[in-house]
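K.L.:
Sequence:
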Amino acid sequence: MNKKQRQTNWTKYWTENQIDSCSAGVKAQDSEINNFWADTEKMLNETSSVLDLCTGKGDVIAQLIKLQKNKKHGLSLYTGADIAAIDQEIVADRFVEVSKNVSMDYETDVNALPYLDEAFDIVTSQFGVEYAFETGVVKELCRVMKSTGKARLVLHHSDSILLKVAKEEMSHIDILSEKAGYIELIEQLIPVFAKLRNPANAKKLNKDEKAIRVRDLFNKESGVLLSRIERSNVPDILKDALNQSKKIFHVAKLQGSSAAKAELSRYKGELEQSRERMSDLVEVAVSKEQLEKLAETVNKFGKKITVQQELKSNSHIVAWGVEIA
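Under my numbering, the first residue of the sequence shown carries the number 188, and numbering increases by one thereafter.
Hints in this document: simulated from the structure, not taken from any laboratory. Heads up, a few of these hints could be off.
Said to hold, decoys possible - Straight-line Cα separation of at most 20 Å, SDA-like style, residue types lysine to any residue; simulated pairs:
{"#": "1", "residue 1": "433", "residue 2": "383"}
{"#": "2", "residue 1": "440", "residue 2": "372"}
{"#": "3", "residue 1": "491", "residue 2": "321"}
{"#": "4", "residue 1": "475", "residue 2": "510"}
{"#": "5", "residue 1": "455", "residue 2": "361"}
{"#": "6", "residue 1": "455", "residue 2": "383"}
{"#": "7", "residue 1": "354", "residue 2": "420"}
{"#": "8", "residue 1": "258", "residue 2": "308"}
{"#": "9", "residue 1": "351", "residue 2": "501"}
{"#": "10", "residue 1": "391", "residue 2": "337"}
{"#": "11", "residue 1": "354", "residue 2": "466"}
{"#": "12", "residue 1": "490", "residue 2": "477"}
{"#": "13", "residue 1": "382", "residue 2": "397"}
{"#": "14", "residue 1": "499", "residue 2": "262"}
{"#": "15", "residue 1": "354", "residue 2": "415"}
{"#": "16", "residue 1": "407", "residue 2": "429"}
{"#": "17", "residue 1": "337", "residue 2": "304"}
{"#": "18", "residue 1": "433", "residue 2": "420"}
{"#": "19", "residue 1": "407", "residue 2": "433"}
Let the sequences and hints guide you as you build the complete structure.
P.N.:
Structure representation (structure tokens):
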């Protein structure tokens with residue numbers, strides 16, 4: 188994805204319900220990611236300034252604030268930056284009690300940050316900056332970090348369980364979208380269900396050979412999906428497809444073909460954007476060799492990688508934990 192496409196995609200991700208299992212990632216409290224941020228919080232006090240890059244709705248900021256509230260000292264000053272065009276009000280409620288300590292800068296390019304040199308004690312990011320490693324974010328990260336500061340980053344790992352989930356869910360989307368597949372059969376059945384707005388058409392449809400053929404193909408394909416669901420560790424997209432078909436057919440019966448086709452178009456758009464995000468994830472996930480290249484880049488800006496660890500959840504690798512100082 189180019190910059191504009193990524194901005195649009197992630198804006199929709201943060202403002203609309205998403206359907207991929209991978210989108211939520213691994214909850215930090217269930218993994219060693221939690222320990223990584225707990226260690227980060229120990230570096231903070233009430234005079235610290237923190238910049239969270241690719242902040243989304245501020246998950247990292249919220250976690251650090253929660254940890255700080257358990258300490259005697261006051262809260263640090265937090266700034267979140269993200270390319271997504273997120274409505275401030277969506278996030279404001281989350282930080283209403285600490286609004287004086289938190290500011291969000293959306294529609295902000297992390298490759299050209301609007302902050303002074305050496306402005307922050309700590310720079311953080313969770314599953315974000317690796318999407319911009321090739322376009323200048325490392326230079327900016329090092330520029331805005333104080334000479335005594337640190338960057339604490341959680342990065343997608345090329346051997347992580349999230350990557351495996353992404354690849355499986357991409358295959359599920361491809362199956363749903365293939366020619367004469369589930370989505371195409373939904374589209375073919377919309378006119379059939381639209382006719383049911385008139386109850387008198389029910390008997391006619393039971394004798395309509397074309398309608399019967401498409402219905403039988405759809406039922407067969409639904410059975411195939413159910414079998415895949417039973418075999419899959421991450422069947423969310425397939426389960427959602429079954430629910431979406433029911434919803435679309437219901438719309439067709441109540442509102443007609445046009446409304447149902449619009450609902451199908453919305454669903455197809457969600458699938459496409461979800462696949463783009465997961466494809467992006469697979470592309471940017473960091474291998475050990477790429478981490479070595481990152482170290483070389485960091486060195487050019489007078490910094491070095493001081494921590495490099497694999498973070499796990501239930502024995503599965505979920506991320507890299509990296510510190511730059």
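K.L.:
Confirm or reject each hint.
P.N.:
Hints, verified against the model:
1. 433 with 383: holds, 14 Å
2. 440 with 372: Within the cut-off at roughly 16 Å; holds.
3. 491 with 321: It holds: about 18 Å lies between the C-alpha atoms, which stays within 20 Å.
4. 475 with 510: holds, 15 Å
5. 455 with 361: With a Cα-Cα distance of about 11 Å, the restraint between residue 455 and residue 361 holds, given a limit of 20 Å.
6. 455 with 383: violated, 24 Å
7. 354 with 420: Answer holds: residue 354 to residue 420 is near 12 Å, not above 20 Å.
8. 258 with 308: holds, 19 Å
9. 351 with 501: With Cα atoms ~15 Å apart, residue 351 and residue 501 stay inside 20 Å; holds.
10. 391 with 337: Not OK: residue 391 and residue 337 at ~71 Å, beyond 20 Å, violated.
11. 354 with 466: holds, 8 Å
12. 490 with 477: Holds, at roughly 17 Å.
13. 382 with 397: With Cα atoms ~14 Å apart, residue 382 and residue 397 stay inside 20 Å; holds.
14. 499 with 262: Violated, at roughly 29 Å.
15. 354 with 415: Status holds; Cα separation ~15 Å.
16. 407 with 429: Distance ~13 Å between residue 407 and residue 429 Cα, so the pair holds.
17. 337 with 304: Holds. Residue 337 to residue 304 sits at ~14 Å (cutoff 20 Å).
18. 433 with 420: Not OK: residue 433 and residue 420 at ~23 Å, beyond 20 Å, violated.
19. 407 with 433: holds, 15 Å
The structure fails hints 6, 10, 14 and 18 (numbered hints given earlier, in ascending order).
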